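Engineer: Given next are the chains, with one letter for each unit.
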Amino acid sequence: MLSFLLNRLAVLVPVFFGVTLLAFGFIRILPGDPVETLAGERGMSAEQYNIIMTQLGFDKPIWEQYFDYIVGILQGDFGTSVLTNRPVIDEFMELFPATVELGLCAIIFAIVVGLPAGIFAAVKRRTFYDQGIMGVSLIGYSMPIFWWGLLLIILFSNILGMTPVSGRISFFYDVDTVTGFLLIDSLLSDEDGAFWSALHHLVLPSIVLGTIPLAIIARQTRSAMLEVLSEDYVRTARAKGLGPLRIYGLHALRNAMITVVTVIGLQVGVLLAGAILTETIFSWPGIGKWIIFSVFSRDYFAVQGGLVLIAMCVMAVNLVVDLTYGLINPRILHTR
Amino acid sequence: MSENNNDQNSNQVGETRRQLAEFWFYFSENKTAVIGLAFMVGVLFMALFADVISPHDPSEQYREFFEAPPAWVEGGSSRFLLGTDYAGRDMLSRIIHGSRLSLMAGGIVILICLTFGIIIGLTAAYFRGIVETLIMRIMDTILSVPGLLMALVLVAVLGPGLVNAMIAISITYLPYFVRLTRASAISEASREYVVASRVAGAGRLRIMFITILPNCMAPLIVQATLSFSTAILDTAALGFLGMGAQPPQPEWGTLIAENRDLMLSAPWTVTFPGLAILLAVLAINLLGDGLRDALDPRLKRS
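Taken in order, these protein sequences are the chains called X and D. Sequential numbering of the first sequence, starting at 1, is according to this note's numbering. Sequential numbering of the second sequence, starting at 1, is according to this note's numbering.
Bear in mind the hints are in silico, worked out from the structure with no lab data behind them. The structure presented is a predicted model; accordingly, all values stated were derived computationally and were not measured. C-beta atoms are modelled at their ideal positions from N, C-alpha and C, and glycine is treated no differently. Errors might be hidden in some of the hints.
As the list claims (entries may be wrong) - Chain D side only, calculated, beta carbon under 7 Å to chain X, not exhaustive:
#1 V195
#2 V199
#3 G274
What the hints assert, rightly or not - Take a look, some chain D residues computed to stay more than 10 Å from chain X by CB distance:
#4 V41
#5 I53
#6 L81
#7 R100
#8 M104
#9 G107
#10 T115
#11 R137
#12 I138
#13 S184
#14 F209
#15 P214
#16 A218
#17 A236
#18 F240
#19 G242
Said to hold, decoys possible - Rough simulated footprint, nothing fancy, chain X against chain D, three-plus residues with beta-carbon under 8 Å:
#20 22-31
#21 61-68
#22 144-150
#23 251-260
#24 275-283
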């Protein structure tokens, strides 16, 4: 296990430096002078210019700048937003729970619907049900989610009036931030109905963000189940006269889960990319909307910091997925 | 000698024809894949002859027909089958012309990815050692940033626009092509026919591109097809966010973005461009699944 962990870390370290190099280079290859971009349209005097150059360390040799940048990151300094003049890490941490909450709800939705659908399709292989489920999941997989979100808003918010259009909670409620997760915070607060409002606001964004992972999970679960169902131990279970629930639920599913867990873990990247679109459509105050806003307002230091932070999240989750995979499938630990 | 050459040539032609026939035999078994193919041929036709097919000029503004509904809705006119947008432009014509941009974007992205993916992947597979490690870590770095975010950041550097969006998307897809090429090239490299050609005195380039590469093509073609559809999706997403094709270019994602404010009063301006994206992507994915089953029976999903 330890050597497996070290092996994974040995790959992560160069990737970490790659990402920092990318983020570091990003500001420097942007068209135009970063300091002038900072000044915006107001312009600045040559003195001010020099002061800011020194402040940002742009007057030092490039390798020294990179070294300082890395040292900063290791100490938790991801730069300062030009727009708000606050540390990027603070802004990120403030908005991150909103994205995590949305992402978790989306992946739960995807698993709760996708897993049974995939199992059912595999069990009913080559029937109408199988083809129907696979057809729908291929449509889900092909879905432009920004359009899907707009369609759902037209239908559920406008025509049926069932769900709110944007935001995390109705503005009638004033919930204190404790954990940053509104579902939990609203339960902790004594505001009546705040929890329901928060839950209401989560429904459409979760469906939109969960659609593609749902389709992927359903397809992968089906093929993992099909592979397992042809194994000898499943035949043995059948021969012993076990009921379908025990055969599929216990003997087959547990082994199919090895693949499925990995697939679920790999959705983190999909979710973060999807969050950019979903949060934009639903005005969800999370990381995705923030980074789009930063790109548009040319707050490049925020984009730079956000890039590294998001990449670090993806790397961390991938590491956890790798380790989980190693734990539930011990064979993989010994192949290296 | 020349007769011998001719013989070889005609043999090769026959061989290719036989392979094609075999491929079609497996491919045509999959009815949905054939439907996907037919649909895409239709879209391609639409894109090629957009000027002839589309009933109106896509940028012509009919001032007396702002936000006219589709023909079958009350108040719609048969002049504008899918209605008009906020500026009185015919939606159908804009969508037809948009197919050009989307297909072109998808096509150019996979062309870039195939070209550089193959060159970089083969280089990694052939030289191994430090070159390989360096290449693969760079690819891992690109993969550690979610695709759309990476594309956004690259477009921020290059400047918004359709061409830059295509370049940015290509870079985010490149790692998949490099990994695939490298993996299949490495597994091919130890085969006997490669050793044989090396013993026969073939040079590095010949071994890489003429001996090994053709045997790695099947998974690459499948990957290219599937990337074609995601490239259309991502181009549309960037267009929707305002970082891809810029209005008045009728790219499908851009169409949705520019009509987003009309979403409730004139839903057809948003619905149809999105439907076009969905159908095109769906058709290509069906096609891709069929290709995978036909080209690589080992991967065949039962």
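Engineer: Would you check chain X against the stretch 22-31 of chain D, counting CB to CB pairs closer than 8 Å, and say if three or more residues qualify?
Structural biologist: violated (count 0)
Engineer: Does the claim that D/L81 lies outside the interface with chain X hold up, using a Cβ gap greater than 10 Å?
Structural biologist: The claim holds: D/L81 sits with its nearest Cβ about 20 Å from chain X, beyond 10 Å.
Engineer: With a cut-off of 7 Å, does the beta carbon of D/V195 approach a beta carbon of chain X closely enough for the hint to hold?
Structural biologist: violated (26 Å)
Engineer: Any Cβ of chain X at or closer than 10 Å to D/G242, or is the non-interface label fine?
Structural biologist: Answer for D/G242: violated, closest chain X Cβ roughly 8 Å.
Engineer: Would the non-interface assignment of D/I53 survive a Cβ cutoff of 10 Å against chain X?
Structural biologist: Answer for D/I53: holds, closest chain X Cβ roughly 23 Å.
Engineer: Beyond 10 Å from every chain X Cβ: check whether that's true for D/G107.
Structural biologist: About 18 Å separates D/G107 from the closest Cβ of chain X, which puts it past 10 Å; holds.
Engineer: Against chain X, does D/F209 hold up as non-interface, every C-beta pair farther apart than 10 Å?
Structural biologist: Fine: 28 Å to the nearest Cβ keeps D/F209 off the interface.
Engineer: According to the definition I'm using, a residue is off the interface if its beta carbon is farther than 10 Å from all beta carbons of the partner; does D/M104 meet that for chain X?
Structural biologist: Label holds. Min Cβ-Cβ 18 Å, cutoff 10 Å.
Engineer: Count residues of the stretch 144-150 of chain D with a Cβ under 8 Å from any Cβ of chain X, then say if the count reaches three.
Structural biologist: Holds, because 6 residues of the stretch 144-150 of chain D bring their Cβ atoms closer than 8 Å to Cβ atoms of chain X.
Engineer: With a cut-off of 7 Å, does the beta carbon of D/G274 approach a beta carbon of chain X closely enough for the hint to hold?
Structural biologist: Hint holds; D/G274 Cβ to chain X Cβ min 3 Å, cut 7 Å.
Engineer: Classify the label on D/S184 as holds or violated, using whether its beta-carbon is more than 10 Å from each beta-carbon of chain X.
Structural biologist: Consistent with the label, D/S184 stays out of reach of chain X, its closest Cβ about 20 Å off (over 10 Å).
Engineer: Over 10 Å from every CB of chain X: does D/P214 meet that, or does the non-interface label fail?
Structural biologist: It holds; D/P214 is separated from chain X by about 28 Å at its closest Cβ, greater than 10 Å.
In summary, the numbered hints that this structure violates are 1, 2, 11, 12, 17, 18, 19, 20 and 21.
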